[in-house]
Amino acid sequence: MELFFFYYLAGVIILTALLVVALRNPIYSALSLLIMFFHVAGLYVTLHAEFLAAVQVIVYAGAILVLYLFVVMLLNVKREDRYHPQFPIGAFLGLVIITEVLLLAFRRSESGTPPMPPAGSVAEAVGNTETIGDVLYTTYLFPFEVASLILLVAMIGAIVLAKRDLFEA
Amino acid sequence: MTFTLTLSGADLLLLLPEMLLTVWLCVVLTMDFAMPRLPKDRLAYLSVAGLAGVLANLVWFDLAGIGGTLFAHMFVVDRLAVFFKIFIVGTTILVILASVDYVRRFRFFKGEYYFLVLMSALGMMFMASANDLLSVFITLEFSTFGFYVLVAYLRDDVASNEAGLKFFILGVFAAGLLAYGISLVYGETGKLVFSDIASPSATPGLVIGFLLIFAALGFKIGAVPFHSWIPDTYHGAPTPVTAFLSIAPKGAAFAILIRMFFVSLAAFKPAWVLLLVGASILSMTYGNIVAIAQRNIKRLLAYSGIAQIGNILIGLAAGTKMGGDAILFYLLTYLFANLGAFAIVIAVGNLIRSDEIEDYNGLNRRSPFLAFAMLVFLLSLAGVPPLAGFIGKLYIFLAAIDEGLYTLIAVGLINIVISMYYYLVVVKKMYINEPTDPSPLTISPPMKVVVYAGLAGTLFLGIYPQPAINWVVAATLMFSNLAGPAAAAPTLVLPIGG
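Those protein sequence lines, which keep their order, are chains A and B. Counting from 1, one number per residue, gives the positions in the first sequence under this note's numbering. Counting from 1, one number per residue, gives the positions in the second sequence under this note's numbering.
To be clear, the hints were calculated from the coordinates, so they are not data collected in a lab. Don't take each hint at face value.
What the hints assert, rightly or not - Below, a list of computed lysine-lysine pairs in the DSS-like style, where the Cα atoms sit at most 30 angstroms apart: (1) K163(A) with K110(B); (2) K429(B) with K448(B); (3) K40(B) with K163(A); (4) K163(A) with K166(B).
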């Protein structure tokens, strides 16, 4: 059953990832990216990483993709001049990544099993969302609180830098 | 396994200065929009009053020797942290006083300016206490966020926009390097706290990780070769922001650098000495030589700032307790002299609306006080006795002599001579050249306070440095176990590729 889900999710991920670069219309590309994000989230669920799955949906599908769509629509990207000039760079990077994947695959078979977290760890006992919540409000309370101050300064800064109707006043 | 957090009243006391400042900056922000008719100058004085309270609190910490760590060693209050917090809060007070006239030139968001300055100061206070890589990252970003906005504050001004954009893009890139370096170090050691990541062997991942972290911090202090943002950003930013940016973040970043090199990497001293010697020589030489060609006083001070950072790196390269003392003392002398010099630039810029060195011609005729103060500050930056800069340079060179870094000292001495030239060119213009417009210049009371504070600091540290030396020696007591002579350090094994 688990294997079936893996193949379904992996297949859809590869298909939609290909569609992202193959489709001519940028809006369609963005939407296939959205489908890909959802299936990656599904992959996280099968790995018992529910928190990561939720973050994947909220941050990537919810926030970042909407930003993509905004940019695509605002800039009104033309269909024809999209990825052709960058093709050699893309091919080169793809080659590098494929080499890396192959290297990793071979090294794994040499050095035996990859390191695993100790059995019966915290995450398995209470679920990793709860664990992350616990850690965030105890051990990492300090960076968490500082992050709230960062949001405040970013908010004020955005208003100061971007508020528009000032010059009419 | 459960995670618990125990915070007693005594623990919260350690956070008192930061909490005071947080509450105070919320008060400033609220007053700004709740009372639109309140003159914005009042907000400046209100901010200074709050900072004075925080300063008093910190001085009490220092005198009473209050210290400890919080949040599983993420946040540390020791005398080093308290020193840097006093340094930052003192700088912020002077910068806010120096801003009052300048902020009147803004068309909008005069109140938010003070709020953002306080926010950056708060971020840098957290930086001074950061004791693990996670808090380093988050506090460094926090303090930089305020600066991103402050640098681009003059929205009508193309140079300020360009400066803001350049600073932002390069700053975000540096943040990426920092995060990548931290992830490598964490991946290799599984630890984040500085004292825990002192690894016995230098694996390639650790070496690359620490180099990336050093690059990000080098960007923050503006050491060559990570300096490319400095001239344009300093030039385009509002001058009080330039003054702030040239001093306070450097201090906060040196707090982190000292902790990283002296605590985490103490065992690898022979390797990183070369790195720091290189960065120091490059910074001094590049900064001083390029400064000669500058026609704008802000750019001149930007390049002289790069060279001064090179001088401070000498102390870090020495890698001993005395090197640490010398860094702290040098930062104090740099604070007074550089802030003083920028205060004159702000005052003159407010009056004649120009930052070109040509327009300093005959400043002595127009305002003898400003010309004299500028003379003192520039000579202190150059290191002329009996001013503070002389003692600072002497201290830092003595620390390097103890470690046998003779090449570095030779380069440093040559650079003093080079720097003397461009500082004295400004002095010559002020005192010998004829002014094109001989009308006298007057300066406002808050600006006078800043200039007097700079003069007092520069003269006091130069003539009677003993109290300050005692203070910095006490602040670095925790490093007294550091290896003194280079020979006693453990021999380096670099098993890269092995």
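Results for each hint:
Using a Cα cut-off of 30 angstroms, the hinted pair K163(A) and K110(B) holds, with the two alpha carbons roughly 14 angstroms apart. Our distance criterion of 30 angstroms between C-alpha atoms is met by K429(B) and K448(B), whose separation comes to about 22 angstroms. As the CA atoms of K40(B) and K163(A) are separated by approximately 20 angstroms, the hinted pair is consistent with the 30 angstroms bound. Note on K163(A) and K166(B): the hinted pairing holds, with a Cα-Cα distance of about 21 angstroms set against a maximum of 30 angstroms.
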